[in-house]
Amino acid sequence: MRELFPMKQVNGYIFSLLLTVVALSVYFFDMSFAMGLTILVVTAFIQAGVQLVVFMHAGESEDKGGIYVHTIYGVVLALITILGSLLAMIWGYMY
Amino acid sequence: MDFFDRFTIPPHDDPMLYASIVAIGLVSIAIVFGVTYFKKWGYLWSEWLTTVDHKRIGIMYIISALLMLFRGGADAVMMRLQTAVPDNSFLDAQHYNEVFTTHGVVMIFFMAMAFIIGMMNFVVPLQIGARDVAFPRLNALSFWLYFAGAMLFNLSFVIGGSPDAGWTNYYPLAGTDFSEHVGVNYYNWALQISGIGTLMTGINFIATIMKMRAPGMTLMKMPMFTWSALITNLIIVFAFPVLTIALLMGTLDRQFFTNFFTTGDGGMDMMWANLFWIWGHPEVYILILPAFGIYSQIIATFSQRNLYGYKSMVASMVIISLLSFMVWVHHFFTMGQGAVANSIFSITTMAIAVPTGIKIFNWLLTMWKGKIRFTTPMMYSVAFIPLFTIGGVTGVMLAIASADYQYHNTMFLVAHFHNVIIPGVVFAMIAGLIYYWPKMFGFLLNERIGKWAFWNIVIGFCLSFFPMYITGLNGQARRMYTYSEASGFGPLSMVSFFGALLLAIGFVLIVYNVYYSFRYAPRNVGDDPWNARSLEWATHNPVPEYNFAITPNVNSSEAFWDYKKNGHDLFKGGIKDIHMPNNSGWSIIFAGIFFVFAFCFIFHVWVGVIIAFAGIIGCLLYRSFEKDDGHHIHKEEIEETEKKFGGAK
Numbered sequence: 001m002r003e004l005f006p007m008k009q010v011n012g013y014i015f016s017l018l019l020t021v022v023a024l025s026v027y028f029f030d031m032s033f034a035m036g037l038t039i040l041v042v043t044a045f046i047q048a049g050v051q052l053v054v055f056m057h058a059g060e061s062e063d064k065g066g067i068y069v070h071t072i073y074g075v076v077l078a079l080i081t082i083l084g085s086l087l088a089m090i091w092g093y094m095y
Numbered sequence: 001m002d003f004f005d006r007f008t009i010p011p012h013d014d015p016m017l018y019a020s021i022v023a024i025g026l027v028s029i030a031i032v033f034g035v036t037y038f039k040k041w042g043y044l045w046s047e048w049l050t051t052v053d054h055k056r057i058g059i060m061y062i063i064s065a066l067l068m069l070f071r072g073g074a075d076a077v078m079m080r081l082q083t084a085v086p087d088n089s090f091l092d093a094q095h096y097n098e099v100f101t102t103h104g105v106v107m108i109f110f111m112a113m114a115f116i117i118g119m120m121n122f123v124v125p126l127q128i129g130a131r132d133v134a135f136p137r138l139n140a141l142s143f144w145l146y147f148a149g150a151m152l153f154n155l156s157f158v159i160g161g162s163p164d165a166g167w168t169n170y171y172p173l174a175g176t177d178f179s180e181h182v183g184v185n186y187y188n189w190a191l192q193i194s195g196i197g198t199l200m201t202g203i204n205f206i207a208t209i210m211k212m213r214a215p216g217m218t219l220m221k222m223p224m225f226t227w228s229a230l231i232t233n234l235i236i237v238f239a240f241p242v243l244t245i246a247l248l249m250g251t252l253d254r255q256f257f258t259n260f261f262t263t264g265d266g267g268m269d270m271m272w273a274n275l276f277w278i279w280g281h282p283e284v285y286i287l288i289l290p291a292f293g294i295y296s297q298i299i300a301t302f303s304q305r306n307l308y309g310y311k312s313m314v315a316s317m318v319i320i321s322l323l324s325f326m327v328w329v330h331h332f333f334t335m336g337q338g339a340v341a342n343s344i345f346s347i348t349t350m351a352i353a354v355p356t357g358i359k360i361f362n363w364l365l366t367m368w369k370g371k372i373r374f375t376t377p378m379m380y381s382v383a384f385i386p387l388f389t390i391g392g393v394t395g396v397m398l399a400i401a402s403a404d405y406q407y408h409n410t411m412f413l414v415a416h417f418h419n420v421i422i423p424g425v426v427f428a429m430i431a432g433l434i435y436y437w438p439k440m441f442g443f444l445l446n447e448r449i450g451k452w453a454f455w456n457i458v459i460g461f462c463l464s465f466f467p468m469y470i471t472g473l474n475g476q477a478r479r480m481y482t483y484s485e486a487s488g489f490g491p492l493s494m495v496s497f498f499g500a501l502l503l504a505i506g507f508v509l510i511v512y513n514v515y516y517s518f519r520y521a522p523r524n525v526g527d528d529p530w531n532a533r534s535l536e537w538a539t540h541n542p543v544p545e546y547n548f549a550i551t552p553n554v555n556s557s558e559a560f561w562d563y564k565k566n567g568h569d570l571f572k573g574g575i576k577d578i579h580m581p582n583n584s585g586w587s588i589i590f591a592g593i594f595f596v597f598a599f600c601f602i603f604h605v606w607v608g609v610i611i612a613f614a615g616i617i618g619c620l621l622y623r624s625f626e627k628d629d630g631h632h633i634h635k636e637e638i639e640e641t642e643k644k645f646g647g648a649k
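Heads up: the protein sequence lines correspond to chains A and B, in order. No gaps in the numbering here: position 38 of the first sequence is 38 in our numbering, and each next residue is one more. No gaps in the numbering here: position 47 of the second sequence is 47 in our numbering, and each next residue is one more.
Source of the hints: derived by calculation from the structure; they are not laboratory data. Warning: the hint list may mix true and false statements.
Stated by the list, open to error - Residues of chain B placed beyond 12 Å of chain A at every Cβ, according to the derived structure:
(1) I9
(2) A30
(3) I235
Said to hold, decoys possible - A few chain B residues that face chain A, going by a derived Cβ cut-off under 7 Å, partial list only:
(4) L323
(5) H330
(6) G338
(7) S343
(8) I347
(9) M350
Glycine included, each C-beta is placed from N, C-alpha and C at the ideal position.
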């Protein structure tokens with residue numbers, strides 16, 4: 001029975017629901033903008049990670065090394081793009 | 001008649017424009033008539049238009065790229081003619097704007113991109129010993145989407161009016177306030193469609209290179225061009241979505257009155273420039289990396305030495321791919337942001353010169369003590385090294401943010417980017433085309449005519465672009481349709497015009513060479529006319545449909561050289577049945593519907609948009625439920641083909 005029951009997926013599902021609840025709390029509780037956005041960003045990244053690993057089976061094939069490298073490369077580029085845009089369009093005018 | 005008013009082009013005083021519209025119409029009719037007269041529609045449809053064969057798709061990309069080279073080249077000659085003498089009135093300001101916009105878009109998106117993707121299509125599966133790309137049908141769709149985009153863009157010239165806001169298409173100039181006619185809508189939709197095709201190519205080739213290499217070929221045993229293709233496609237996948245979204249935002253602004261890039265109502269006009277260059281700078285490396293790959297193949301072959309510093313070549317490409325995403329602000333140093341932001345992007349820009357320099361030294365050291373044969377492809381490669389270095393050095397000059405206030409938007413900049421793109425990309429593609437010509441068609445191009453073309457192109461290039469460095473530093477702004485005699489730009493601009501003519505003669509000679517060699521070149525060149533080194537030369541010329549009769553067994557990046565000189569056993573085992581994908585007309589129909597969709601969208605013909613959209617969904621549904629298991633080429637058939645080529649390899 002243990003082999004047949006997808007324990008990892010059920011746990012992952014519960015965990016992703018939990019993350020959604022935490023993210024939703026930003027709406028229901030009165031908190032500062034910075035605080036709320038921090039919670040949203042952190043939960044969003046963890047959520048994406050959970051989806052990739054648990055439900056899209058990122059780490060289960062032989063080429064998992066390549067998959068993780070590509071994913072990290074993508075995340076790094078996304079961060080560079082966003083932070084760089086902020087630097088060019090907003091922070092660049094302040095300093 | 002109100003409905004049809006939208007399709008007319010904005011009034012020009014220029015009779016030349018109407019003459020060329022008539023010429024386009026006549027040529028189109030002649031092509032249709034010719035194909036019908038020679039009864040070639042069936043052949044064209046079943047062998048080319050519906051093909052999923054990577055080699056044929058590659059060749060179709062290259063033919064389209066050459067066509068677009070002449071389209072963009074004609075624009076270039078017109079611009080040089082207009083600016084050859086002061087106060088010239090050959091083109092008016094509006095027409096000049098349309099010409100330089102079209103020149104830029106056509107050359108970057110529809111010539112250079114198509115050329116490199118065509119090269120990758122033809123060469124990469126052969127270099128890794130695969131039968132085709134990972135998703136052959138998707139590959140055909142990529143090509144037809146690109147082709148639909150290219151045709152749509154060229155249609156703007158005849159129906160509705162060409163875009164006129166530069167290939168960079170900056171807002172607010174590209175907004176409806178300043179560009180009222182549909183030109184920029186054409187820009188948005190043509191690039192959108194061909195961009196989707198390019199994105200698919202990116203995914204396709206990453207999957208192909210990661211998953212379909214011949215046994216024994218680890219990543220570090222791939223030929224250098226395949227490495228460059230892998231990195232290029234990685235950049236495509238990360239860069240092109242940005243362009244897609246930016247174009248969509250521009251479309252919404254122009255056609256649905258949103259305010260992403262407007263100057264008022266909370267819009268940020270420079271956000272377009274920011275997004276455009278987030279895609280645009282990586283795009284520069286999308287163009288140049290495959291060119292580097294081709295040079296690596298050619299220089300190693302004709303120096304008869306293995307490529308110097310394989311690992312450092314790979315490492316420098318990986319570093320370039322990362323750095324290429326960190327430098328885009330250097331395209332608008334003068335926007336008004338402060339010294340901190342500019343310094344950061346200035347330093348990252350200069351840093352790219354380091355890995356590029358490593359590559360230059362690697363090529364030089366490959367040639368060092370090599371037995372160099374000066375064939376036409378090698379001559380392009382040898383000319384590339386000093387010319388590209390000059391382009392690179394002026395690039396470092398432009399990278400200095402404070403000095404860029406002087407260079408920005410002058411002819412100096414124009415000289416710089418042509419100096420890297422022409423010796424970098426165009427020379428590489430011509431050299432690659434000549435180098436791989438026997439692989440494609442089974443005969444060599446004539447060396448004598450090839451060298452005539454080479455000297456015309458190299459001298460023409462130097463004459464047309466080096467004077468611009470000087471006039472640029474003297475203050476000549478780019479994209480100005482005329483200048484006064486007192487400015488003193490006249491003589492050097494005239495030199496530029498002569499250079500452009502020489503370039504044009506060079507390209508015509510290349511086409512003449514194709515005709516001449518097709519008629520007169522000997523067909524018995526064998527399978528290895530260049531004494532080459534990497535795996536793609538281990539099969540026949542021209543390559544049979546299935547590429548390799550027996551899947552090769554690889555032990556180094558120069559598997560064919562090992563096979564020839566070191567007794568490596570490349571083909572183990574016997575011939576078996578080969579599974580190949582089926583041809584399908586789905587791709588061209590799908591792209592055709594996309595073309596109609598975009599055309600109706602450009603002109604706000606909403607009924608057409610809805611019908612075409614239903615067609616797009618229909619095509620997707622059809623593909624989802626279609627059963628297509630491909631077909632087998634049987635053992636006997638393969639043995640017969642191999643016998644015709646002179647024995648199985």
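Task: Status of B/I235, Cβ more than 12 Å from any chain A Cβ - done: violated, 9 Å
Task: Per-residue hint verdict: B/L323, partner chain A, C-beta under 7 Å - done: violated, 10 Å
Task: Hint status (Cβ of B/H330 to nearest Cβ of chain A, threshold 7 Å) - done: Since chain A brings no Cβ nearer than about 10 Å to B/H330, farther than 7 Å, the hint is violated.
Open item on the list: Tell me if the interface restraint on B/M350 is satisfied: Cβ within less than 7 Å of some Cβ in chain A.
Closed with: violated, 16 Å
- [ ] Run the C-beta distances from B/A30 to all of chain A and say if the shortest one exceeds 12 Å.
- [x] holds, 48 Å
- [ ] For the hint on B/S343, just tell me whether its beta-carbon gets within less than 7 Å of chain A.
- [x] Hint violated; B/S343 Cβ to chain A Cβ min 10 Å, cut 7 Å.
Open item on the list: The hint names B/I347 as touching chain A; please verify it with the least Cβ-Cβ distance against 7 Å.
Closed with: violated, 13 Å
TODO: Decide, holds or violated, for the assertion that all CB atoms of chain A are farther than 12 Å from the CB of B/I9.
DONE: At about 36 Å from chain A, B/I9 clears the 12 Å cut-off, so the statement holds.
Open item on the list: Using the nearest Cβ pair, does B/G338 come within less than 7 Å of chain A?
Closed with: With Cβ-Cβ at 5 Å, under 7 Å, it holds.
The structure does not agree with the numbered hints 3, 4, 5, 7, 8 and 9 stated previously, though it agrees with the rest.
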